[in-house]
Amino acid sequence: MATNDTEIERFSYDVVVIGAGGSGLRAAIEARARGKKTAIISKSLFGKAHTVMAEGGAAAAMGNVNSKDNWMVHFRDTMRGGKFLNNPRMAELHAKEAPDRVWELEAWGALFDRTKDGKISQRNFGGHEYPRLAHVGDRTGLEMIRTLQQRIVALQQADSYEFGDPDAMIRVFAETTVTRLLKDGDKIAGAFGYVRDTGKFILFEAPTVILATGGIGRTFKVTSNSWEYSGDGHALALLAGASLMNMEFVQFHPTGMVWPVSVKGILVTESVRGDGGVLKNSEGKRFMFDYVPDVFRAQYAETEEEADRWYTDPDNNRRPPELLPRDEVARSINAEVKAGRGTPHGGIYLDIASRRPAEYILSRLPSMHHQFLELADVDITKEAMEIGPTCHYVMGGVEVDPDTAASSVPGLFAAGEVSGGMHGSNRLGGNSLSDLLVFGKRAGDGASDYLDALGETKPVIAQADLDAAVAEALEPFSREVGESPYEVHAELQQTMNDLVGIIRREQEVKDALAALEKFKERAKALAVPGERAYNPGWHYAQDLRNMLLVGECVAMAALEREESRGGHTREDHPDMEPEWRKVNLILTLDGDTIEMVHQPIPVIREDLLDLFDISELKKYMTKEELAGHHEAAALEEGH
Amino acid sequence: MAYLAKLRVWRGDAGSGALTDYKVEVNEGEVVLDVLHRLQATQASDLALRWNCKAGKCGSCSMEINGMPRLGCMTRMSTFTEEETLTITPMRTFPVIRDLVTDVSFNYAKAREIPSFTPDPSIKPGEFRMQQEDVNRSQEFRKCIECFLCQNTCHAIRDHEDNEQSFSGPRFLMRVAELEMHPADEADRRNIAQDDFGLGLCNITKCCTEVCPEHIKITDNAIIPLKERVAGRRFDPLVWLGSKISRRPEPAGTPAVPGKR
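Those protein sequences? They're chains A and B, same order as listed. Sequential numbering of the first sequence, starting at 74, is according to my numbering. Sequential numbering of the second sequence, starting at 55, is according to my numbering.
What the hints contain is simulated information worked out from the structure, not anything from laboratory work. Note that CB positions come from ideal geometry on N, CA and C, so glycine has one too. It is possible that some hints are incorrect.
[Claimed, not checked] Below, a list of computed lysine to aspartate or glutamate pairs in the EDC-like style, where the Cα atoms sit at most 20 Å apart:
no.	chain 1	residue 1	chain 2	residue 2
1	A	K192	B	D239
2	A	K358	A	E447
3	A	K192	B	E187
4	A	K192	B	D250
5	A	K337	B	E79
6	B	K197	A	D424
[Stated by the list, open to error] On the chain A side, residues computed to face chain B include the following (Cβ under 7 Å):
no.	residue
7	R187
8	L276
9	S335
10	H646
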């Protein structure tokens with residue numbers, strides 16, 4: 074087709090879900106169950122979404138391995154992990170509903186690893202007090218995406234019998250990218266994009282859109298994320314008038330591969346540590362004992378002996394410090410390498426070979442064994458791995474209502490990594506897969522309720538908006554010679570990595586913002602040779618707009634928050650500040666300008682506050698905030 | 055350590071195409087996908103190829119490298135000599151969309167024909183009890199990343215277009231086996247495995263097993279046991295006698311789901 078062809082294929086749906094990972098598929102299943110005609114839009118083939126790469130498991134307090142576990146313990150762990158910046162209602166809903174969502178997967182055919190009495194097995198993970206992660210070896214994400222994919226197929230089969238058409242009520246639009254959300258007044262009216270295979274434009278007229286697009290990792294150079302993670306949902310939300318929150322909080326997973334260079338950043342699951350692996354520096358020292366922060370001192374072992382006993386006797390020993398939340402471990406690794414105690418390739422050692430028998434490693438970590446053997450010539454049953462931090466997850470995202478996943482734009486919902494609030498300043502491992510399920514379902518319900526309330530009134534898409542979306546998408550074809558999207562993207566990744574990475578400094582973040590201005594200018598002059606059909610250069614050009622917007626949000630918020638907390642570390646403001654705990658940074662788009670405001674965080678309900686010992690809370694909160702706690706009087710008297 | 059590799063990459067679309075020669079830099083430790091990405095970034099920005107995880111977990115970057123069905127992300131450049139010319143072509147069995155990207159919709163259509171997981175409806179979520187030794191077999195098959203390299207290589211599809219209707223291919227025969235061996239599944243897919251999904255067309259040459267990047271023993275652990283189950287039902291003399299003596303007609307098994315063939 075000609076590069077300037079403006080023809081648009083039109084579809085009409087009740088619910089359009091953008092993203093076909095865990096949260097998108099779970100949302101679609103729920104919307105379909107509520108009788109809504111649902112479209113699932115996937116940038117990749119069906120079943121390839123980023124969820125597939127999740128390794129460790131889904132955290133749910135089922136209590137199968139340790140019966141002391143329950144939602145309250147899970148809630149506490151989640152809030153601690155997020156350094157009390159989490160939206161408490163989201164953390165509560167998540168902890169309460171995760172077991173049901175996991176059990177539901179089993180009823181849809183998932184085959185989790187088992188306990189001796191035939192229940193779903195649960196494994197240890199960083200920051201979780203009890204073994205809590207439902208898992209399948211180290212390929213839990215694959216099991217989850219396949220189960221949800223096969224559940225969608227099962228629903229389509231039912232529709233095949235009922236309507237004679239498997240696509241009648243739920244249809245997957247694979248390899249399709251949305252570039253703009255369209256509105257009628259303040260309400261969502263549809264989504265516009267293109268089909269990658271053909272390059273043809275496509276329009277979905279729909280009163281509700283659920284964003285389930287995942288994260289932003291592709292904005293950084295060293296990342297565990299795939300090309301899909303270009304912050305599409307974050308950018309679409311901003312462009313549609315919704316607000317983002319907490320964008321300064323980016324999780325660097327402590328253990329990514331560091332060598333060979335071509336695999337730098339690929340994830341090494343936290344299960345290696347959950348199953349007995351330890352971190353050592355070039356001197357052979359288990360250095361994590363030197364890095365336990367005060368707020369976690371009481372819960373972590375002080376000697377190697379105690380830490381090692383914990384694996385078999387968790388009731389009478391404290392946890393190994395290798396299982397601190399991810400932000401702590403990543404910073405510690407960074408500090409060791411900086412102090413000159415790193416490995417030859419600039420990482421540190423992750424050793425399970427000397428601590429567990431080969432047979433155990435092969436049964437618990439088969440895909441890690443495979444990955445290191447094939448890509449790095451390392452046999453993890455015989456040698457230590459070299460690892461270092463890698464950009465893995467963004468805690469920030471679309472500001473949503475906890476119960477319905479609704480954004481501030483009527484008809485626009487968000488679930489999973491693209492939404493914000495649930496994980497506060499740092500996400501615990503295992504809390505993502507469960508987050509996808511819990512809030513995916515809630516988004517499907519939220520959109521259905523919205524539709525029911527909307528009744529027969531259908532929002533209408535203005536032709537002018539559609540014309541503008543077409544023009545924007547075709548713009549990179551308009552010049553023969555110009556900037557290469559690959560080059561601008563590579564420089565953006567390097568800048569974010571170097572200047573807004575794991576450790577941040579005021580001047581460097583300012584430099585990054587200045588560089589971003591130049592990238593934005595260059596991105597206005599892109600040229601992409603070739604045709605419309607399956608042209609990656611053109612696709613890249615579309616994604617670049619989103620990555621630049623998201624990069625700017627991250628840098629702006631990182632400059633503003635003058636403290637260190639979770640996934641945001643400021644070398645020039647190294648401490649956690651109780652006053653900053655009360656603040657969410659909210660970002661919106663006004664024309665071409667990103668606006669940022671301080672917004673007070675939601676108050677933690679008293680019954681939830683009472684789940685914590687007041688001596689722990691006072692490490693995070695001011696005295697006024699603790700007034701509602703049942704032990705507040707004791708605090709007042711100075712006990 | 056870096057050198058210039060000689061690549062011959064198939065460029066074209068459904069209408070026509072040809073092998074195109076390139077020279078691309080290669081660095082230590084790189085895989086074929088890295089080199090194709092460099093080709094895209096520096097010489098051929100519109101080179102169409104699929105990829106996602108770059109870690110052998112998603113099964114997107116399936117292609118043929120020197121005629122061998124492989125994942126680009128799991129094929130180290132060090133397995134070839136620096137002088138060797140690498141010929142990179144799309145999967146041959148599926149229609150080309152552009153360059154290295156093929157139309158794999160055949161597989162998604164086949165997936166829809168297999169009756170889904172069918173548990174005892176009286177078991178509530180959370181009440182399933184299964185032993186690890188009973189789930190091991192199906193878990194092996196659920197390691198499948200749906201790269202479709204087995205489908206691409208199976209000669210019953212690759213060399214016989216006429217089998218497209220009647221043969222589901224190794225990936226989906228394995229899916230039938232997975233459900234048949236699932237301890238909580240109650241449907242009986244043995245008849246349709248033979249009659250609708252073409253189990254008999256497999257003559258166990260094990261090509262699928264050879265190309266599986268997940269090292270699943272597709273033939274030995276899925277297809278042969280499935281054949282035995284079907285044979286047990288159809289040809290076991292005692293079963294045959296039982297069906298003759300019994301007044302009850304033999305149940306026909308679960309039917310295939312009507313699809314869009």
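Tested hints:
Under the criterion of a C-alpha separation no larger than 20 Å, the hint pairing A:K192 with B:D239 is consistent with the structure, at around 17 Å. With a C-alpha separation of about 28 Å, the suggested pair A:K358 and A:E447 falls outside the 20 Å cut-off, and the hint is violated. For the given pair, A:K192 sits about 13 Å from B:E187 by alpha-carbon distance, which is consistent with the 20 Å threshold. Between the alpha carbons of A:K192 and B:D250 the distance comes to roughly 35 Å, so the proposed pair goes past 20 Å and is violated.
Among the hinted pairs, A:K337 with B:E79 is consistent with the structure: their alpha-carbon atoms are about 18 Å apart, no more than 20 Å. Of the supplied pair hints, the one linking B:K197 and A:D424 is violated, its CA atoms being roughly 25 Å apart against a limit of 20 Å. Hint status for A:R187: holds, given a least beta-carbon distance of 4 Å to chain B, under 7 Å. Look at A:L276: its Cβ only gets to about 22 Å from chain B, farther than 7 Å, so that hint breaks.
With a least beta-carbon distance of about 4 Å to chain B, the hint placing A:S335 at the interface is held under the 7 Å criterion. At its closest, the beta carbon of A:H646 sits 36 Å from a beta carbon of chain B; the interface hint therefore is violated under the 7 Å criterion.
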